[in-house]
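S.K.: Note that the sequence shown covers residues 199 to 403 in my numbering.
Since the hints were made in silico from the structure, they are not lab data. Note that CB positions come from ideal geometry on N, CA and C, so glycine has one too. Any given hint could be a false lead.
DEER-style ranges, computed between Cβ atoms [unchecked claim]:
no., residue 1, residue 2, range
1, G272, Y377, 16 to 26 Å
2, A288, F346, 18 to 28 Å
3, N384, I262, 26 to 36 Å
4, F229, L303, 19 to 29 Å
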Amino acid sequence: MKKAILLSSVILAGISTAQAQSDLTDDYFRFEASYASMIFQHFDENANGFALGFLYGNSLSPDIPLFIEYGAYGSFGVCKVEATDGSYYAKETDKFFNIAAPVNLSYKIGLTDNISLVPFAGVNFKLNCVSYAELEATGYSKERYNLFDDEDVENTAHHFQFGANIGIGLNISNFYVGYRFQPDFNEYFDGVKSKTNYISIGVNF
199 MKKAILLSSV ILAGISTAQA QSDLTDDYFR FEASYASMIF QHFDENANGF ALGFLYGNSL
259 SPDIPLFIEY GAYGSFGVCK VEATDGSYYA KETDKFFNIA APVNLSYKIG LTDNISLVPF
319 AGVNFKLNCV SYAELEATGY SKERYNLFDD EDVENTAHHF QFGANIGIGL NISNFYVGYR
379 FQPDFNEYFD GVKSKTNYIS IGVNF
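Generate coordinates for the entire structure from the input sequences, incorporating the hints supplied.
M.R.: Following this line, the structure appears as structure tokens:
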């Protein structure tokens, strides 16, 4: 009887371990919402905004929790600079929208049956879709400048950027919280590089 109980315990433990391993190596699909802080070299202020997107993790091995991740995100940011001098007031508001497509290599580290840590690193392809500045000043009407148009500005913004994508996430059952950092290799404006920090929450399917 004792041998039967011991054998049953060993079998159940093996099934549990196999199930946990299977969960770690299963493909996943995730929706994410993020707070985004965009930092532009030589700018006095950062652009703050948000991002929405999805990510798919494709398992590379049934035995090792290694994944190739790819997805798409839309990010919107606003940067405001204000100045006053007596009765004179001036404000510049820059607004940005881009679509990014990251490709990462990630690894799941199982902490418990339903909690895992996921470090990742890869590359990021970014298309800058909207970039404009609004200027307001005492005694002047509001003006808007398209930062991609060389008739509006001398140093125009670039539509395409390529960079790194590095971060870490925590899965708790189907819920996700994470941080990622995206420094761009090429410039946003001539002489101005950019980088973005994201704090994300999401749901895994």
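S.K.: So the hint says 19 to 29 Å: do the beta-carbon atoms of F229 and L303 match that?
M.R.: Check passed, 21 Å falls within 19 to 29 Å.
S.K.: Quick check: does the Cβ-Cβ distance between G272 and Y377 fall within 16 to 26 Å?
M.R.: Given a distance of about 19 Å, which is inside 16 to 26 Å, the answer is holds.
S.K.: Could you say whether the range 18 to 28 Å given as a hint is met by the Cβ separation of A288 and F346?
M.R.: Check passed, 23 Å falls within 18 to 28 Å.
S.K.: Given the hint of 26 to 36 Å, is the C-beta distance from N384 to I262 inside that range or not?
M.R.: holds, 34 Å
Every hint from the earlier list agrees with this structure, and none is contradicted.
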